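Student: One letter stands for each residue in the lines below.
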Amino acid sequence: MSEPRLLAILTRPWPGGLLALANDDARVHLPAIAAAATFLTCLALALALAATSLADRWQGALSEALTVEIAPRPDLDAMTAKALILLRGLDGVATAEPLPRARLRALLAPWLGEGAIIDGLPLPTLIDVRLIRGAKFDTEGVERLLAREIPGARLDDHRMWRDSVTAAAWLATAVAAAMLVAVLAAAISAVVFATRARLAVHRDHIEILHVMGALDRTIAREFAVDAARLAAVGGLLGLALAFGLMAALAAFATQLETSALPIPRLSPLHWILVLVPLPVGAFLAGVTAALAAIGVLRRMP
Amino acid sequence: MYATGTLADKPSGTRLGAMQPIGPPSVLLGARTPCETPHCAMSQPAPTSLPATAVVEFEHVGLRYGVGPEVLSDVTFTLPGGSFHFLTGASGAGKSSLLSLLYLARGPSRGRVSLFGQDVVRAGREALAGLRRRIGVVFQDFRLFDHLTVVDNAALPLRIAGRDPHESRANVVELLDWVGLGGLLDAHPSTLSGGQKQRLAIARAVVARPKLLLADEPTGNVDDQLAVRLLYLFEALHRMGTTVVIATHNMRLVERFPYPELQLDDGRLTRVPARSTRLL
Numbered sequence: 014m015s016e017p018r019l020l021a022i023l024t025r026p027w028p029g030g031l032l033a034l035a036n037d038d039a040r041v042h043l044p045a046i047a048a049a050a051t052f053l054t055c056l057a058l059a060l061a062l063a064a065t066s067l068a069d070r071w072q073g074a075l076s077e078a079l080t081v082e083i084a085p086r087p088d089l090d091a092m093t094a095k096a097l098i099l100l101r102g103l104d105g106v107a108t109a110e111p112l113p114r115a116r117l118r119a120l121l122a123p124w125l126g127e128g129a130i131i132d133g134l135p136l137p138t139l140i141d142v143r144l145i146r147g148a149k150f151d152t153e154g155v156e157r158l159l160a161r162e163i164p165g166a167r168l169d170d171h172r173m174w175r176d177s178v179t180a181a182a183w184l185a186t187a188v189a190a191a192m193l194v195a196v197l198a199a200a201i202s203a204v205v206f207a208t209r210a211r212l213a214v215h216r217d218h219i220e221i222l223h224v225m226g227a228l229d230r231t232i233a234r235e236f237a238v239d240a241a242r243l244a245a246v247g248g249l250l251g252l253a254l255a256f257g258l259m260a261a262l263a264a265f266a267t268q269l270e271t272s273a274l275p276i277p278r279l280s281p282l283h284w285i286l287v288l289v290p291l292p293v294g295a296f297l298a299g300v301t302a303a304l305a306a307i308g309v310l311r312r313m314p
Numbered sequence: 014m015y016a017t018g019t020l021a022d023k024p025s026g027t028r029l030g031a032m033q034p035i036g037p038p039s040v041l042l043g044a045r046t047p048c049e050t051p052h053c054a055m056s057q058p059a060p061t062s063l064p065a066t067a068v069v070e071f072e073h074v075g076l077r078y079g080v081g082p083e084v085l086s087d088v089t090f091t092l093p094g095g096s097f098h099f100l101t102g103a104s105g106a107g108k109s110s111l112l113s114l115l116y117l118a119r120g121p122s123r124g125r126v127s128l129f130g131q132d133v134v135r136a137g138r139e140a141l142a143g144l145r146r147r148i149g150v151v152f153q154d155f156r157l158f159d160h161l162t163v164v165d166n167a168a169l170p171l172r173i174a175g176r177d178p179h180e181s182r183a184n185v186v187e188l189l190d191w192v193g194l195g196g197l198l199d200a201h202p203s204t205l206s207g208g209q210k211q212r213l214a215i216a217r218a219v220v221a222r223p224k225l226l227l228a229d230e231p232t233g234n235v236d237d238q239l240a241v242r243l244l245y246l247f248e249a250l251h252r253m254g255t256t257v258v259i260a261t262h263n264m265r266l267v268e269r270f271p272y273p274e275l276q277l278d279d280g281r282l283t284r285v286p287a288r289s290t291r292l293l
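Going down the list, the sequences are from chains A and B.
So for the first sequence, my numbering puts the first residue at 14; every next one is plus one.
So for the second sequence, my numbering puts the first residue at 14; every next one is plus one.
Simulated from the structure, these hints should not be mistaken for lab results.
Model, not experiment: these values are computed from the prediction.
Be aware that one or more of the hints could be misleading.
Partial chain B-side listing against chain A, Cβ under 10 Å, derived [claimed, not checked]:
| id | residue |
| --- | --- |
| 1 | Gly-79 |
| 2 | Val-80 |
| 3 | Tyr-116 |
| 4 | Leu-117 |
| 5 | Leu-144 |
| 6 | Gly-149 |
| 7 | Phe-152 |
| 8 | Arg-156 |
No residue lacks a Cβ here, since even glycine has one placed at the ideal position from N, Cα and C.
Generate the whole structure from the sequences, applying the supplied hints.
Tutor: Set out below in structure tokens:
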């Protein structure tokens, strides 16, 4: 079955509805609006979830690691050994290992180049300290201890990076929330406009239904159910497009994983959460159409 | 697939096809009459000793559209329950406007309109809907729903009243059979002739057994022979206790069926029957 044929069947009104809702443009426009809104909402949601997830991963990694730097000095090796003994004896420390000089050279090479310049530089000692997950660690106390016992030593707990990551995640979530609000407002306005247009198109029949004693809510329900159904059909399309795009991005991200770039990832739960805009969108379309219809119907005799 | 057979304006053997009235279908009888058989219902005159409670009361009613002149002025009359009236007058005299007040499509610009003892101006929307369900309307232009089948059109008032469509289907089919549309249940109105549409509109108007039946030029689109048949149908409903008001300019019918007239002339009632009129 071809897609246009399938779409025509899905958007066909229920047989025997009180109103001939097939005879208006909403049958095409409402699914199109719903498709666009669902597509953007899914992407916004995915952005927020991925950013939060990435920030959590970074936070976790950074909060479980510290770096102790000992400035170059004549007795650097002795001070390094003392620092290692001191650090390994602290509560909450899993490991404390100095970075090999070769690793230090590799870190500097992109800026200074290979060769004699680096060889001639007095390099500090960097000690990579890994903390036990969940254990308490008194960063400020250790800072004071190091300053007292090993002059020239500096503790870096990556706070600056962690703050930046938190701020970036917050910003991404705020952007996603702003997108959601904008899309929601536009979609609600479109549904209200479409419902009012449909009421105008079917005004003659609505008047007859009123004359027969139909309640406003009975007539409004017709519009609500149809709007919800059309929104669900359009939402399915938008969801399919969004999932297609996200799957392509996920595949692209997997290729990038070999690089040093951290890749945002969606967990299985996140993929399920990204489905939420479909039923929520259909429900909102129905409620919005019902309220818009009631507002117009109450002004009729 | 629906039936698109030949027109059944003169359906041989159908109830409405006969020139003389015969019993209405059981869906219209219900518990309103002590007669259990259609023949009994039609052969017995309605009891004249029942109290003739006013179904319609108009007091100094005026109606204007927007800021235009009054199309109805100082209209005052009372229709007792179970009465039958013609509403006559030249084109533009205000017949349709008066009917629209009766079937609550609009409210009066001034004066008091009371239906079934309830002031319609003070009634809330739910109460108005309740009143409307007690009224059957046959529109001049039928106003059928083309997307619904004949049987679904006829059943619409029952559906709006919340009746189970499956339970009421048998009654609706019987009624449609009675008006000569039994073979066209699944047809759509767009495939019907003018006369068939007229009968479908009447079936829709009476299916919920309204207390007040209003018809706007119900014979305007049919030949004289069918017009007489339709009047027999309205008469049959009237004999079952339904208050009937028929707007028409067909004076031959008015003469043939000597029921009292409400005559409108330029928006004013110029002939008002006595209040005690119930049945001739």
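Student: Each of the hints needs a verdict: does it hold here or not?
Tutor: Taking the hints in turn, this is what the structure says about them:
Of the supplied interface hints, the one on Gly-79 (chain B) is violated, with its beta-carbon coming no nearer than about 14 Å to a beta-carbon of chain A, more than 10 Å. Hint status for Val-80 (chain B) relative to chain A: violated, with the closest Cβ pair at about 18 Å, above 10 Å. With 10 Å as the threshold, the beta carbon of Tyr-116 (chain B) comes within range of chain A, its nearest partner Cβ sitting at about 5 Å, so the hint holds. With a cut of 10 Å, the hint placing Leu-117 (chain B) at the interface with chain A holds, because the nearest CB-to-CB distance is about 7 Å.
The criterion of a C-beta within 10 Å of any C-beta in chain A is met by Leu-144 (chain B), whose closest approach is roughly 8 Å, and the hint holds. Because the smallest distance between the Cβ of Gly-149 (chain B) and any Cβ of chain A comes to about 9 Å, under 10 Å, the interface hint for this residue holds. Interface hint status for Phe-152 (chain B): upheld, as the beta-carbon distance to the closest one in chain A is roughly 8 Å, under 10 Å. Given hint, Arg-156 (chain B) at the interface with chain A, holds; its Cβ is 5 Å from that chain's nearest Cβ, closer than 10 Å.
Comparing the model with each numbered hint stated earlier shows that hints 1 and 2 do not hold.
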